[in-house]
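Please model the complete structure; the sequences and the hints are all you need to start from.
As you go down the protein sequences, you meet chains Z and C in turn.
Residue numbering for the first sequence follows the numbering used here, starting at 1 and increasing by one per position.
Residue numbering for the second sequence follows the numbering used here, starting at 1001 and increasing by one per position.
Be a bit skeptical, because a hint or two may be false.
[To be verified] Output of the computed footprint for chain C on chain Z, the stretches with three or more beta carbons under 8 Å from beta carbons of chain C:
{"#": "1", "segment": "2 to 11"}
{"#": "2", "segment": "300 to 306"}
[Unchecked claim] Between beta-carbon pairs, the in silico distance windows are:
{"#": "3", "chain 1": "C", "residue 1": "P1103", "chain 2": "Z", "residue 2": "Q354", "range": "48 to 58 Å"}
{"#": "4", "chain 1": "C", "residue 1": "G1196", "chain 2": "Z", "residue 2": "L384", "range": "37 to 47 Å"}
{"#": "5", "chain 1": "Z", "residue 1": "M1", "chain 2": "C", "residue 2": "E1068", "range": "33 to 43 Å"}
[To be verified] Going by beta-carbon spacing under 10 Å, a handful of chain Z positions derived as facing chain C:
{"#": "6", "residue": "A129"}
{"#": "7", "residue": "R130"}
{"#": "8", "residue": "H169"}
{"#": "9", "residue": "A309"}
{"#": "10", "residue": "L310"}
{"#": "11", "residue": "G311"}
{"#": "12", "residue": "A312"}
{"#": "13", "residue": "T316"}
{"#": "14", "residue": "L318"}
{"#": "15", "residue": "R392"}
{"#": "16", "residue": "V395"}
{"#": "17", "residue": "A396"}
Hints are computed from structural coordinates only; laboratory data are not their basis.
Bear in mind the structure is a predicted one, so any value in this text is a computation, not a measurement.
All C-beta atoms in this analysis are idealised placements derived from N, C-alpha and C, irrespective of residue type, glycine included.
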Amino acid sequence: MTLWRLVHRSLRQHALSTVVTAGSLMLATGLLLTVWILRNQAAQAFTDADAGFDGVLGARGSKLQLVLNAVFHLESSPGNLRWDDYVQLTNQPGVALAVPLAVGDNYRGFRLVGTLPSLFEISDEMGVARLTVQPGGRHFDPERREAVVGSFAARRLGLKVGDTFQPYHGLVFDPKARHAETFVVVGLLEPSNTPADRVLWIPLAGLQNLTGHDPAAAQDISAVLVRLDDGSPGAGFLLDLLYNRQGNRLTFAWPIAQVVTELFDRLGWLERVLTLVAWLVAVVAAASVLTGLYNSMNERRRDLAVLRALGAHRRTVLAAVVLEAGTIAALGAGAGLLAHLALMTLAAMIIQSQTGVVLDPWTLDPVLFWGPALIVLLGALAGLAPAWKAYRTDVAEALGHTA
Amino acid sequence: MKPPSPILEVTGLRKSFRGPDGQPHPVVNLPSFRLLAGEHRALSGESGCGKTTLLNLIAGLLRPDAGEVRLAGQDLSTLSEARRDRVRARTLGYVFQSFHLLPGHTCLENVLLGMAFGPGEDRARAAALLERVGLGHRLAHWPRQLSTGQQQRVAVARALANRPQLVLADEPTGNLDRVNAREVLALIRDTCREAGAALLLVSHDPEMLAGFDTVQSFHELNRPEVRT
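Structure representation (structure tokens):
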């Protein structure tokens, strides 16, 4: 009780340095937790965001570009496939479902993807449809200029069932590149927390036949999403052999999760740099705990000597200083948890708006426990040097009595 | 009737400090000194003559070069530092010239600190002590909000908080005006008498020593220049 009161009063007396030091520890904790959890969650969320497909077939090029384009609706397409390629793929053994995609147009920055209604038949392991239309809507008719809009895109664009829009050519919004055709929104998708939420889905033929597109390429498609038979694990290897090793015109990106993992492996250096920065901030903050307390020991020598004169042990004084350092660190670490929540919410919002992938800032992770505990330990350790100075205080001298 | 036992016995006590020349300069050389339980005694002597050093040696805040300090029957020189701290926390009260209140603590908390390391905190007793020294209405005030005389009253209450058997008062009126000095001195003596505590007060001010039955010249007791 006495110890806590001593610590509390000292923190209050040195409120400014307490707030500044705890603030820097808050920053360090928040950064550390966010970098750590963002890495884990993002890797997991992106790996899971395979839209229910196992692989992607596309033009010869980078597997990563193919996956980013066809699954995450980022990047441009590495090239086109012929319709025959799609037909040939559907006849391959082990292929349960193949859904062609055509990209190349947008509506106010949100990507239009031409596809077949079979895309909406994809269900997860539990048999639940991955993409379902909200009540009051329906899937598009492949023969008409109709659209089903992802939930995020609909919210951002303010589209609802019955609205019409005219697409713009290209993946980047250019007001001067508007197509003449008008599409009607016939359905809005329920939020799926996947990149599909950011897309305006239209019939494949609708996109292929937009005015201004090359008629010679009207039958071309951008990629094919491939679902393999569950009972045919060798199918992926066979397709890999067929397209990637024997052929030289197409690329089969499979499995999608592995391609995404490679992406995160490539970004590993960034995560390591951010983690290093977070630890550096933590060390600098701990150093400020040390210097702040160490310097304040001179002005507090008399108070510490008074405590000793009243019967406090040296170790009581030492404990009070270490506890004070630990408390500053605990305040910083506690505030750091809140800072992490704020940073994580912000990061999740940005990632969702850019990719459609949803991260949950409230997800529990072991680092939320050991991270702040490590910061508190670091702070308490930083308190040892000033505590030692307090421990060695010459009471008689500090009280001003030597003669 | 059984004669009162000594609360303090000092024998052959010596203490030197190194000067700027690196040579030891004897400050205290006290062949013998006794104080009985409940006795009030004053030591007179000019500033810098070693009175404070003697009090610090008695309180166990300084280690003597030689000699023995027996406080409440225990020889401090044979005790570990932690045991000396404990004896000080349970047996001694200390009133300083500069009050030495902790500025970040209220009056009540300062008095609580006087008992925290000994018998343990007792808020009711702390409040009663402040009431006794005339500051019952200032429990939650900070030291900076009090006059110097009031601050020294809080220090007196703190010195008595642990029910000490001996109170050491080091120039307790040195920073006070005459009126306050007389009041505080009377307060120290009265409260010590009420608590049954012995009082050893050192001062250079003859007027402050006038009320004591026994006033000794520190010069007559202390012979720093004599080598034994």
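Hints and how they fare:
{"no.": "1", "hint": "2 to 11", "result": "holds (count 4)"}
{"no.": "2", "hint": "300 to 306", "result": "holds (count 3)"}
{"no.": "3", "hint": "C/P1103 - Z/Q354: 48 to 58 Å", "result": "55 Å, holds"}
{"no.": "4", "hint": "C/G1196 - Z/L384: 37 to 47 Å", "result": "43 Å, holds"}
{"no.": "5", "hint": "Z/M1 - C/E1068: 33 to 43 Å", "result": "36 Å, holds"}
{"no.": "6", "hint": "A129", "result": "65 Å, violated"}
{"no.": "7", "hint": "R130", "result": "62 Å, violated"}
{"no.": "8", "hint": "H169", "result": "71 Å, violated"}
{"no.": "9", "hint": "A309", "result": "5 Å, holds"}
{"no.": "10", "hint": "L310", "result": "6 Å, holds"}
{"no.": "11", "hint": "G311", "result": "2 Å, holds"}
{"no.": "12", "hint": "A312", "result": "5 Å, holds"}
{"no.": "13", "hint": "T316", "result": "7 Å, holds"}
{"no.": "14", "hint": "L318", "result": "12 Å, violated"}
{"no.": "15", "hint": "R392", "result": "12 Å, violated"}
{"no.": "16", "hint": "V395", "result": "5 Å, holds"}
{"no.": "17", "hint": "A396", "result": "5 Å, holds"}
In summary, the structure is inconsistent with hints 6, 7, 8, 14, 15 from the numbered list given earlier, while agreeing with the others.
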